[in-house]
Amino acid sequence: VELRGDPDIPVEGVAAIDQAKSGDISFLANPRYRRYLASTGASAVVVHPDEADVCTTAALVASNPYLVFARIAQYLNPPAPTSAGIHPTAWIHPDAVVDSTAAIGPRAVVEAGARIGPRARIGSGALIGAAVSAGADSMIGANVTINEGVVIGERVVLHPGVVLGADGFGFANDQGRWVKVPQVGSVRLGNDVDIGANTTVDRGAMGDTVIEDGVKLDNLIQIGHNVRIGAHTAIAACTAVAGSVTIGRRCMIGGAVAINGHITIADGVTITGMTAVMHSIREPGVYSSGTPMALNHQWRKNAARFNQLDDLFRRLKALQQEFITLKRDCGRKDD
Amino acid sequence: VELRGDPDIPVEGVAAIDQAKSGDISFLANPRYRRYLASTGASAVVVHPDEADVCTTAALVASNPYLVFARIAQYLNPPAPTSAGIHPTAWIHPDAVVDSTAAIGPRAVVEAGARIGPRARIGSGALIGAAVSAGADSMIGANVTINEGVVIGERVVLHPGVVLGADGFGFANDQGRWVKVPQVGSVRLGNDVDIGANTTVDRGAMGDTVIEDGVKLDNLIQIGHNVRIGAHTAIAACTAVAGSVTIGRRCMIGGAVAINGHITIADGVTITGMTAVMHSIREPGVYSSGTPMALNHQWRKNAARFNQLDDLFRRLKALQQEFITLKRDCGRKDD
Amino acid sequence: VELRGDPDIPVEGVAAIDQAKSGDISFLANPRYRRYLASTGASAVVVHPDEADVCTTAALVASNPYLVFARIAQYLNPPAPTSAGIHPTAWIHPDAVVDSTAAIGPRAVVEAGARIGPRARIGSGALIGAAVSAGADSMIGANVTINEGVVIGERVVLHPGVVLGADGFGFANDQGRWVKVPQVGSVRLGNDVDIGANTTVDRGAMGDTVIEDGVKLDNLIQIGHNVRIGAHTAIAACTAVAGSVTIGRRCMIGGAVAINGHITIADGVTITGMTAVMHSIREPGVYSSGTPMALNHQWRKNAARFNQLDDLFRRLKALQQEFITLKRDCGRKDD
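Protein chains in written order, with the numbering used here: chain A, 1 to 335; chain B, 1 to 335; chain C, 1 to 335.
Isolated chain A (complex conformation) (with noise of 0.2 Å):
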């Protein structure tokens, strides 16, 4: 990191590059807001060695603009100090271990053999289940629901309406109705795992449900029962993930994304928004499906062909079979 311009502009705040005013760093890390670098109002701005030039304020040039400015952001924004101990309101049953420097929240419930780490904090109204775990440093959000024996690691952050540990759909058919499949099996998150608001990750039937170290999961997505989930991957929200998949390490999948189950994804792939997955992916690289967006007549017409389409093929085949014909046909009269 090179810092270019006065050493001495103090910096308070973090802004967005077409909303900063003085006192504030900025970044451009995305070539959409690069229109913004001229006119920003920030005092300093995170910027790539390519845009170091057209820079006008203050710039501190990174090849990694957004992490560096990440860094800076934490440190002008440290966690709001909590007071640990456990809020008057909270019920904690008798044989469950909180650590002296955790802080349970108002309303809390933590039931029989649970475990709560140093620093560890437990919002308000969260249920941390008989004889789950949750590591050092982990912060479980409000009304998070963590089902019994569910085992969480260090500095592991949980937002809001988080549901861990519920039953897996499993469901055998006796004569067109549904028999319950015990789901004996339970979840396990590694260290800096991050999940998003009303995100559910279903117990195991047999086996555990694996989120591994630094996994990062959006708002309302699904993972279903038996999935392991890579290190360090990262899935956005409303995903859907059926039961017994693998993911691999490092992968990025998109928004809205169907994973179909039992089926195994390659470290280090990325998956597009709306994408349906529906074999295995092998080897790392973007994959997609989908259709693009039209105004709705257009698309009308053009969607109601798809259903056409290997008609389509064979017609195109046909045509061209004939021409073979006609065009020999038509050479032989010249001979």
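Nothing false has been slipped in among the hints.
Only pairs whose alpha carbons sit at most 25 Å apart, straight line, appear in this in silico SDA-like list of lysine to any residue: (1) B:301 - C:297; (2) B:21 - B:35; (3) B:301 - A:260; (4) B:317 - A:292; (5) C:317 - A:323; (6) B:180 - A:11; (7) B:327 - C:319; (8) B:180 - A:119; (9) B:317 - C:319; (10) C:317 - A:329; (11) B:301 - C:279; (12) B:21 - C:264; (13) B:317 - C:310; (14) B:180 - A:34; (15) B:21 - B:32; (16) C:301 - A:32; (17) A:180 - C:31; (18) C:301 - A:313; (19) A:21 - B:246; (20) A:180 - C:29; (21) C:180 - B:83; (22) B:180 - A:74; (23) B:180 - A:101; (24) A:21 - A:3; (25) A:21 - A:66; (26) B:180 - A:16; (27) C:21 - C:5; (28) B:180 - A:84; (29) B:317 - A:304; (30) A:301 - B:313.
Far from chain A, by Cβ distances over 12 Å, these chain C residues were calculated: (31) 10; (32) 56; (33) 58.
Keep in mind that the hints were calculated from the coordinates and are not lab data.
Glycine residues also receive a C-beta, built at the ideal position from the N, C-alpha and C atoms.
Start from chain A and add chains B and C according to the hints.
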């Protein structure tokens, strides 16, 4: 609105046209239900002038029957009265300000610095976070979570399980590991906003996520950080709106739509269900994507062709060229 | 069911075929896992007659191995015993009726007029709204919200975060502003219904939303107002069912499906994952929509052609016509 039939017919309740009985008032807005008009048991029906002549019951004739019916239904079904006051099991931080006409339900939590306006109702188990402001006549459902600093207008309705102000999904990548970007913005809701059950609205990374007056969001919707939704826009269930999207005023967005990050949607746009919106929409109109449903064995044949589409176009173009050549050659032989 | 091998082998637990060890019983239903049959550490495996000969362990041979396994797993994993009674931190309205054999968890709230049946279990932080009826042996998870008047059958399971009876999404438009249509219906669940975590079922606008006996819903599903789901239908996660949809009995609906409002789906229909159901389905069968996943750079080429499909059909048809003309002309020259 014009009345046809006996003005003294008593009407006590509302019912669907195919289920109504004597004493009910119903309406006809969807042509799908026109066939019930002759046989309905309703005492009166609100109809469009086009249907008035075939209506055999007393009729209120109006150009927008659903709107007239809505007002009648509101009149016949006033909100249940709620006694003001704080339930003995609620927990209110001593630094919170709760209007004396507000009603705080069992197990609700109101944190330091929060302000609850006149006649606001807070549901059972809801968390009103620190420094949150909930406007007059707002109705916060059970088990809602509102994180610190969120600002809510007047007459806002939040259905159960809504999460406002969880962190946006912002991480920078440091050699394969994710580094959190602090989310220091907030969420601001205008007046008359209605948000469905278990919908999540993330706080801004920098600057706020903003939902303007009169916006209606259905259940299980994700609104990413720094989204702005223009006044009177309605969005149906399970739609995912990625970060930094700007949606115009009076848009209508269907269910299960996915909207890509950092794009802009003009005022007055309609998007049909399950559309993938990958680019900005600059003009009003109705937009769609996707393919039509078919029997699976037919769909498989056609879907397999999708991956050969570009090849098909090239083959057709080549054949067209060859055809022109052959036609010229054939023509030449005529000479 | 036929037993092959030593009938005295002790079996204590259940495990997946690739993870089982001595003392475990496993099963083989998905051909994907057949390769583990020779090497499994299980003491016994439930198999189909077709696999019995290659099974090297003790075997239970059954035509539906998964069903037999489900019953064995239920036998080996009985539900944890729960002590009847009301937790001291629960809040029960004096006008509620709680059966003496029911178990009400910490921080649960039971409102006026609610009835909790024999052996029912109410989880931590759940809200049982006014006049709700929860049948015998129902299990309501933590932080569930059941709004007023909802009726729940016997042996119903609601996983954490479920919301029943929030208002349907009903608004009439008044010159660009939305006017709420009061949602005066309710929700009725039959017996043996199972609803996954954070799923939402809206109350009817007029008349009730009805979920019949034995229906199984996975996590994060939206069921709109006035939907009716026929007995023993199963729906996978993240599916959106719009208002006034009627779904038949014994249907199987995949994950991330979107079903348009006001349509009817026949009994015995299967819909594969991520299908957009825009029209009624009158006949049983398997239905699908969507396009296959591909590498992004290939997908882009093919997807771009989608918007030219109708034009392609017209060009092919024109070429076919021209070809016929040319062929006729060529033929004429032969004369």
